[in-house]
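Visitor: Given next are the chains, with one letter for each unit.
Protein chains: 2
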Amino acid sequence: MAKKNAFYAQSGGVTAVINASACGVIETARKHKDKIGKIYAGRNGILGALTEDLIDTGKESDSAIAALRSTPAGAFGSCRYKLKSLETSRREYERLIEVFKAHNIGTFFYNGGGDSADTCFKISQLAQSLGYPIQAIHVPKTVDNDLPITDCCPGFGSVAKYVAVSTLEASFDVRSMSSTSTKIFVLEVMGRHAGWIAAAGGLLVDHNIPVVILFPEVVFDQKKFLERVSAKVKQHGYCTVVVSEGCHHADGRYLAEQGTRDAFGHAQLGGAAPVVAGMIKDALGVKIHWAVADYLQRSARHIASKTDVKQAYELGRAAVNLALKGHNAVMPTIERISDVPYKYRIGVADLKDVANVEKFMPKNFISADGFGITEKCKRYLTPLIQGEDYPRYVGGLPDYVTLKNVAVAKKLKPFKIQSA
Amino acid sequence: MAKKNAFYAQSGGVTAVINASACGVIETARKHKDKIGKIYAGRNGILGALTEDLIDTGKESDSAIAALRSTPAGAFGSCRYKLKSLETSRREYERLIEVFKAHNIGTFFYNGGGDSADTCFKISQLAQSLGYPIQAIHVPKTVDNDLPITDCCPGFGSVAKYVAVSTLEASFDVRSMSSTSTKIFVLEVMGRHAGWIAAAGGLLVDHNIPVVILFPEVVFDQKKFLERVSAKVKQHGYCTVVVSEGCHHADGRYLAEQGTRDAFGHAQLGGAAPVVAGMIKDALGVKIHWAVADYLQRSARHIASKTDVKQAYELGRAAVNLALKGHNAVMPTIERISDVPYKYRIGVADLKDVANVEKFMPKNFISADGFGITEKCKRYLTPLIQGEDYPRYVGGLPDYVTLKNVAVAKKLKPFKIQSA
Chain A
580 MAKKNAFYAQ SGGVTAVINA SACGVIETAR KHKDKIGKIY AGRNGILGAL
630 TEDLIDTGKE SDSAIAALRS TPAGAFGSCR YKLKSLETSR REYERLIEVF
680 KAHNIGTFFY NGGGDSADTC FKISQLAQSL GYPIQAIHVP KTVDNDLPIT
730 DCCPGFGSVA KYVAVSTLEA SFDVRSMSST STKIFVLEVM GRHAGWIAAA
780 GGLLVDHNIP VVILFPEVVF DQKKFLERVS AKVKQHGYCT VVVSEGCHHA
830 DGRYLAEQGT RDAFGHAQLG GAAPVVAGMI KDALGVKIHW AVADYLQRSA
880 RHIASKTDVK QAYELGRAAV NLALKGHNAV MPTIERISDV PYKYRIGVAD
930 LKDVANVEKF MPKNFISADG FGITEKCKRY LTPLIQGEDY PRYVGGLPDY
980 VTLKNVAVAK KLKPFKIQSA
Chain B
580 MAKKNAFYAQ SGGVTAVINA SACGVIETAR KHKDKIGKIY AGRNGILGAL
630 TEDLIDTGKE SDSAIAALRS TPAGAFGSCR YKLKSLETSR REYERLIEVF
680 KAHNIGTFFY NGGGDSADTC FKISQLAQSL GYPIQAIHVP KTVDNDLPIT
730 DCCPGFGSVA KYVAVSTLEA SFDVRSMSST STKIFVLEVM GRHAGWIAAA
780 GGLLVDHNIP VVILFPEVVF DQKKFLERVS AKVKQHGYCT VVVSEGCHHA
830 DGRYLAEQGT RDAFGHAQLG GAAPVVAGMI KDALGVKIHW AVADYLQRSA
880 RHIASKTDVK QAYELGRAAV NLALKGHNAV MPTIERISDV PYKYRIGVAD
930 LKDVANVEKF MPKNFISADG FGITEKCKRY LTPLIQGEDY PRYVGGLPDY
980 VTLKNVAVAK KLKPFKIQSA
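Sequence lines, in order, name chains A and B. One point on numbering: in the numbering used here, the residue at position 246 of the first sequence is 825, and numbering is uninterrupted. One point on numbering: in the numbering used here, the residue at position 24 of the second sequence is 603, and numbering is uninterrupted.
Isolated chain A (complex conformation) (with noise of 0.2 Å):
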């Protein structure tokens, strides 16, 4: 079989590490010349396949394709694209095999979550149809940790890392002001609909620090929420809130969306946190303090997870050695041995299974309540946030790499997408 080129595209939101699966699928296919020859990757993902925009990894240098490894976000830009199905977006999933095809492109790394899972699926499935056959390998991401079969997913360990150290940081700070000020701090996390993130939060649990998690997979009760927290705060003398963006009302709607409007009259861009921060004021009339911590978290490199870190990088050398070893539609997953010590191989999954399954938390991983986590989730939780991998700094600052990003000649006639 004659060499041919391998793709690389990040997709949906960025982590601390998704870099990292991008230097593991790099570093890995750079050594094996013999059977892959260049190594492109989409300009802002998906949309740089469908309009032909490539880049050129080839003119990176080694050190800066080492340095993704400690560079948060996406390198090559990512996208919010989502293709639909094979019949409504055939045009798509054509211009795809299209560009793979003017371009010698053998292999498809698709770096993201659930979607793009499902893309890389179709695209696997379609090339296979129109007789130009792509090994179509998707590396999984996503700090939700909401992808199944993979025991973990890279990105959500550093997250949660992130949200266990500032809520323990957090919470030291608001015991401190306690006796005269502050009586509670609230910490919105992200987690649309899976709470993996909100139940880092409560690894403190061994530290003696009170706080009381909102997850998106527990209806909320206002009643027994402010209950709860006044409990705590009289017995503690303060309480930590983490609320996950996804927590909602009993008919669906999430806390954020309270029509809260300014004196304009103008909508505001809504916040789980203020919204249970008036709702704690209201009721207890205490001081209180709030955070959001949106992109915060997510591109936290400086405090990422090691074995997050490790595992994002290994992902992404396991898709390359899937790919030279033939595998098509499939994703390397984590497949967990042990908690303590903590061990894991790499699996694989195939992305039949994988595409459009949502992983949430179990019911036994959220204590009774319905506020807090079990032993068996923080057994679940604790090897995903072990270890530092700090990032070198220069100046104060983390050395975080800006590549080149030299684009590829291109050899086709414009395509108008369909909408971004």
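Do not take every clue at face value.
Copies of one chain are not kept apart here, so a pair can be met inside one copy or by any two copies together.
[Stated by the list, open to error] Quick list of in silico lysine to aspartate or glutamate cross-link-like pairs, DMTMM-like style, CA-CA up to 20 Å:
no., residue 1, residue 2
1, Lys-983, Asp-785
2, Lys-957, Asp-978
3, Lys-957, Asp-725
4, Lys-617, Asp-641
5, Lys-992, Glu-671
6, Lys-885, Asp-978
7, Lys-866, Glu-836
8, Lys-885, Glu-967
9, Lys-860, Glu-836
Calculated directly from the structure, the hints in this document are not laboratory data.
Using the hints provided, position chain B relative to the given structure of chain A.
Guide: Chain B alone, transformed into the frame defined by chain A:
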């Protein structure tokens, strides 16, 4: 002169390094057992002195005291309780002297900002006039960096590092997403009156990242601001905004005070970031993300500046040395000798010159357009964020110390404080 005891208290909003100053005070005092007896701490700051709720730091091991150096927040508890003038609060000042007398306390180390410098000064004055002389030494602490005379304040360098690192990381994130999704990221930071913290976002100036800063020192001009953000998005495809909580309109109203109400008419707890985000969204119609760092920024010991930790410790040590040399009503300071290489020495300021003076950003630290920092400001800030001083981690979390805080037996009648 007979050996007397010492008293140490933490005041106001805590920081990532105030305990490093406590460590400097206690470790240094412990080395002078011939001159300093017991070292007491106030439980919850000055309230502990007023209510005779003293902590015997002698009950803490050397290793627990050493661990203070890398533990954020106030290990003995802080408080927001401002003693007023000697006339208004005379009963309380006298009570302090009574408690000091009852426990044979000869030195008062007060670790705080402008208000506590004022209190410290008054105690020293009153003690003289009541014939029970107290050496009152102030140890500077404030994330706001607004104390006069000293070149910088412990606590500031670490929050500046946190803000600079977070702005860099989140900017990498929004840059990755900007082609199809979020184009602007807004980060709200502390600083009610002085823009030192927001200025730290400008340290990315050499990273080719578009950052627009909103200072409390510059009256908010919505039109000019939106034009500036729009221009940055046109040029770079994305933009990061760092907004100080103290940013305000010409009439003095904070941006956060938008009269925001929820659907039930409840006032919402403010936040400048969501207001700025809403404003940009209305004007430019692009997708925006926002974060409010709140306590996270000042408790982030995990990313503390090594320079800041060192100076916090050194100023605690210097306070004890000043006491041993017989000084009274003074505060050790940082005197900068040079920017590059960064050199400084420990100086000393009279408290009468420190109390009630607030240091704002000099005009020549803010760029002509009002949205950035000057080269001069960068030269000032850069040394303060240098170096990392990582805490020890156990089980994936920082190993922060919680002291035993054993109470000293009371000798006086209870005292009712005016208000807390």
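Visitor: Going through the earlier hints one by one, which of them does the structure break, listed in rising order?
Guide: When the structure is compared with the hints, none of them turns out to be violated.
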